[in-house]
Amino acid sequence: MALDTDIANDVIPGSLKRLASYHSDYGQKTYKEIKDLAAADPPDMKARQMKKLIEQTERLQQKSKGRPS
Amino acid sequence: MSPVAGFKRKLRRISRLWEAQEYETALTEVDALLETWPGNPRLHILRACLVQLQEEDSPYELTEAREALEQALQLDEDSAAAAIELGYFLDNVEDDPREALKAYAKGVATARQLLIDGLIGQAKAFLQLEKRDEFLRCLQEILHLAQFERGPRRSKAEQAGADVVFTSPSGPLYAIDLKGRYGKQIQDLLNELAVDSSA
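Just so you know, the sequences run in chain order A and B. Letter by letter, the first sequence follows residues 1 to 69 in the numbering used here. Letter by letter, the second sequence follows residues 1001 to 1199 in the numbering used here.
Just chain A, same shape as in the assembly (with noise of 0.2 angstroms):
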């Protein structure tokens, strides 16, 4: 689980990085800045789209949990 006080550019892998939707001027946030710019009202848009990043990443990490080893 990536905790909110990860650094975006940390956690988001560099095949992701190149990506319209990655922001290099977020990448220096945390998680849990990203993630309170995302739900606040008007949304973020980009915040939305790193938030989508990182979770993305987390869940690809965590893939292998579970599987024999």
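These are calculated hints, taken from the structure and not from any lab test. For clarity, every value in this text was computed on a predicted model and none was experimentally measured. Virtual Cβ for every residue (Gly too), placed ideally from N, Cα, C.
Listing some non-contacts, in silico: residues in chain B with all C-beta distances to chain A over 12 angstroms:
| id | residue |
| --- | --- |
| 1 | L1034 |
| 2 | E1035 |
| 3 | L1075 |
| 4 | L1101 |
| 5 | L1115 |
| 6 | I1120 |
| 7 | G1121 |
| 8 | Q1128 |
| 9 | E1134 |
| 10 | G1180 |
| 11 | Y1182 |
| 12 | G1183 |
| 13 | D1188 |
| 14 | L1193 |
Pairs of lysine-lysine residues, derived as DSS-like cross-links and limited to a Cα-Cα distance of at most 25 angstroms, are as follows:
| id | chain 1 | residue 1 | chain 2 | residue 2 |
| --- | --- | --- | --- | --- |
| 15 | A | K17 | A | K35 |
| 16 | A | K35 | A | K46 |
| 17 | A | K63 | B | K1106 |
| 18 | A | K32 | A | K63 |
| 19 | A | K17 | A | K46 |
| 20 | A | K17 | A | K63 |
| 21 | B | K1008 | A | K63 |
| 22 | A | K46 | A | K32 |
| 23 | A | K63 | B | K1102 |
| 24 | A | K63 | B | K1010 |
| 25 | A | K29 | A | K46 |
| 26 | B | K1131 | B | K1184 |
Which bits of chain A does chain B cover? Going by a derived footprint, with three or more residues having C-beta under 8 angstroms, they are:
| id | segment |
| --- | --- |
| 27 | 11 to 24 |
| 28 | 47 to 59 |
Please arrange chain B on chain A, whose structure you already have, making use of the hints.
Chain B alone, transformed into the frame defined by chain A:
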């Protein structure tokens, strides 16, 4: 070592590499396995996931991830895992929730059908072993899932014409139309319940 045992051993290695966050090596291993087992949908799903986890200097393109998931679905159109993974990719990576919904709908429907099928089998096994409580729990789960097979909750007028009407513990009334895909099998289980209750 048999080919299957060798395949399983390599999958375990990929899993260990994944846990150790050695995604580049894991992807190389998956690609090697795909040379021998190109028709294995699971390998294509693993490939799709690992492509997304590569670092900036990786030679892999993200389009390969989507292609791998679509290939998995071509190989196995009933793969709930592939459809659901595609849903997440479309939403989170391509930022397209509209397209993601189509993939999720397919994956969820397939997974639900598989689950109902398994629960029906499980219920029958419990019945044979005279495990009534477990049988009833299965039946409850089957009936809850089966209502979603018929689309959104119907109006009271439609419910009145349904074969079976239930009041859930939380209050709302819902109806099961036993004419659906699992209608006959669910009816058979309900008949067993009636026989059991009258015994």
